Amino acid sequence: MRTMNGTSILVFLLLLTTSTIVKAQDDNPVEYMNMVNKAEEEANQKYLLYVSTAAHSGRVKKIEKMRQQAIDGIVNSRNKAIALPLYKGDKALRQSSIDYLNFLYLVFTDDYKRIVNMEDIAEQSFNEMQAYLLLQEKTSEKLAEANAKRNKATDDFAAKYNINLIKEKSEQSEKQKKAGEVIHYRNNVYLIFFKCYWQWNELIKAVDSKKVNAIEQARTALITYSKEGMMSLDTLKNFAGDPSLANACRHALNQYKRMAENDVPKMTDYYLKEENFEKVKRSFDSKPQSSRTQQDVNAYNKAVNEMNAAVNVFNSISQQTNRTANEIGSGYDKADKEFADKHTPYFKKS
1 MRTMNGTSIL
11 VFLLLLTTST
21 IVKAQDDNPV
31 EYMNMVNKAE
41 EEANQKYLLY
51 VSTAAHSGRV
61 KKIEKMRQQA
71 IDGIVNSRNK
81 AIALPLYKGD
91 KALRQSSIDY
101 LNFLYLVFTD
111 DYKRIVNMED
121 IAEQSFNEMQ
131 AYLLLQEKTS
141 EKLAEANAKR
151 NKATDDFAAK
161 YNINLIKEKS
171 EQSEKQKKAG
181 EVIHYRNNVY
191 LIFFKCYWQW
201 NELIKAVDSK
211 KVNAIEQART
221 ALITYSKEGM
231 MSLDTLKNFA
241 GDPSLANACR
251 HALNQYKRMA
261 ENDVPKMTDY
271 YLKEENFEKV
281 KRSFDSKPQS
291 SRTQQDVNAY
301 NKAVNEMNAA
311 VNVFNSISQQ
321 TNRTANEIGS
331 GYDKADKEFA
341 DKHTPYFKKS
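Be aware that the sequence shown starts at 1, since it is given in this note's numbering, and climbs by one per residue.
Treat the hints as calculated values from the structure; they're not laboratory data. Treat the hints loosely; a few may be bogus.
As the list claims (entries may be wrong) - Estimated spans, in silico, between C-beta atoms of each pair:
#, residue 1, residue 2, range
1, Asn312, Glu278, 14 to 22 Å
2, Glu174, Met230, 27 to 35 Å
3, Arg114, Asn312, 48 to 56 Å
4, Asn322, Asn301, 27 to 35 Å
5, Glu171, Gln320, 32 to 40 Å
6, Glu174, Lys113, 29 to 37 Å
7, Glu278, Lys142, 55 to 63 Å
8, Gln319, Arg282, 52 to 60 Å
9, Ile121, Lys88, 28 to 36 Å
10, Ala144, Asn315, 48 to 56 Å
No experiment lies behind these values; they were computed from the predicted model shown. Heads up, the beta-carbon is just placed ideally off N, CA and C, and yes, glycines get one too.
Please construct the entire structure, taking both the sequences and the accompanying hints into account.
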C-alpha cells in the first residue's frame with residue numbers, strides 16, 4: 001500500500017490551464033497570450049510526467065527524480081514568465097502566470113515536505129491517516145483555486161483586449177480529470193482498508209501484552225470495523241465498472257473478521273490456560289509433598305496438559321495469522337498497484 005511500502009509521493013492532482021483557441025481582430029494580444037502559455041509549458045509538462053511516474057512506478061528514487069525535474073521545470077517556466085515584457089504596460093496577465101508558478105513551486109517544496117513529514121506518523125492511527133489524506137485533498141483544492149485564478153486572469157485579459165476565447169477540452173485535460181478521480185477513489189477505499197489494518201496491529205500488540213481484556217476489546221473493535229467497512233464498500237460504486245480494488249478490500253476485511261472471530265479466541269485461550277496453570281502450580285507448590293493428595297496431583301497434571309495443548313495451538317495460530325496478515329497487506333498492495341496502472345492515464349513527453 002502507498003504508505004506501508006515507504007513510497008512518498010504527491011498524490012494530489014492539479015487541473016492545469018485548459019487549452020484554448022484564441023481569435024481577435026488584432027493578433028498582438030493573441031500572440032502575447034500564447035507567449036505566456038508557452039512560458040508555462042515546461043512546468044505543466046514536467047508536472048504531468050511526475051504524476052504519471054508516481055502513479056505507475058514503485059521506484060522511490062525515480063519518483064523523487066521526477067519531482068526534482070518538475071521543480072526545475074517550474075523554475076525554468078517562472079524565469080521565462082518573469083522575462084516576458086508587459087503588454088502595453090499591462091502586467092496583469094504576466095503577473096498571474098508568475099503567481100501561479102510561484103504557487104506551484106511552494107506546493108512541490110514546502111507542501112511536499114509537510115505531506116512527507118505527516119506520512120511518517122500517518123500509520124500511527126486511523127485519525128492520523130485520515131488527516132494525512134485530507135491534507136493531500138486540501139492541497140489539491142488550493143491548486144484548483146490557484147488554477148481558477150490563473151484562468152480568470154486569461155479571461156479578463158481576453159475581455160479587455162476584445163479576444164474571443166474558444167475553450168476546448170483537450171486530451172490532456174481529460175487525462176488530468178481521470179487521474180484525479182482515480183486518486184480520490186483509491187483514497188476512499190484505502191481508508192476503509194487501513195482502519196482494519198491498523199486495528200489488526202493494535203490487536204497483535206494486545207496479544208503480545210498478554211492482557212486478555214485488552215485483547216477482547218481490540219478483537220471486538222476489529223470485528224465492528226470490518227462489518228462497517230464492508231457496509232461502506234456496498235454503497236461505494238465501482239470505478240468505471242471495475243470492482244477489483246473494492247473486492248480486494250472486501251477480501252481483506254473478511255480475512256480480518258475471520259481471524260478476529262475464529263483464531264484470536266484460540267490464542268486468548270492459551271493465556272487463560274497459562275493463568276490457570278500458574279494458579280494451580282502456586283497452590284500445588286504451597287503444600288508439602290507429604291500433604292499432596294492424588295486429587296492435587298491430578299489437578300496439576302491436568303493444568304499442565306491443558307497449557308501444553310493450548311501453547312501448541314497458540315504457536316500454530318500465531319504463525320498462521322502472521323502469514324495471513326502479510327498476505328492481506330501484499331495482496332492489497334498488488335490490487336491497488338494494478339488498479340492505478342489500469343486507470344491512471346500515462347502522460348508522456350510531447
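Does the hinted range 48 to 56 Å hold for Ala144 and Asn315 at CB?
-> About 54 Å separates the Cβ atoms of Ala144 and Asn315, which means 48 to 56 Å holds.
Can you let me know if the beta-carbon spacing of Arg114 and Asn312 is within 48 to 56 Å?
-> Since the Cβ atoms of Arg114 and Asn312 sit about 50 Å apart, the hinted range of 48 to 56 Å holds.
Within 14 to 22 Å or not, the Cβ separation of Asn312 and Glu278?
-> holds (18 Å)
Is 32 to 40 Å right for how far apart the beta carbons of Glu171 and Gln320 are?
-> Because 50 Å falls outside the window, the suggested range is violated.
Can you let me know if the beta-carbon spacing of Glu174 and Met230 is within 27 to 35 Å?
-> Taking Cβ atoms as reference, Glu174 and Met230 lie about 33 Å apart, which means the hint holds.
Outcome of range test on Cβ distance (Gln319, Arg282; 52 to 60 Å) = violated (31 Å)
Status of the given 27 to 35 Å range, CB of Asn301 versus CB of Asn322 = holds (32 Å)
At the C-beta level, are Glu174 and Lys113 separated by a distance inside 29 to 37 Å?
-> holds (31 Å)
Distance restraint hint 28 to 36 Å, applied to the beta-carbon atoms of Ile121 and Lys88 | With Cβ atoms ~52 Å apart, the hint is violated.
Just tell me: holds or violated, for the beta carbon distance of Glu278 and Lys142 against 55 to 63 Å?
-> holds (59 Å)
Violation of the numbered hints given earlier is confined to hints 5, 8 and 9; the remaining hints are satisfied by the structure.
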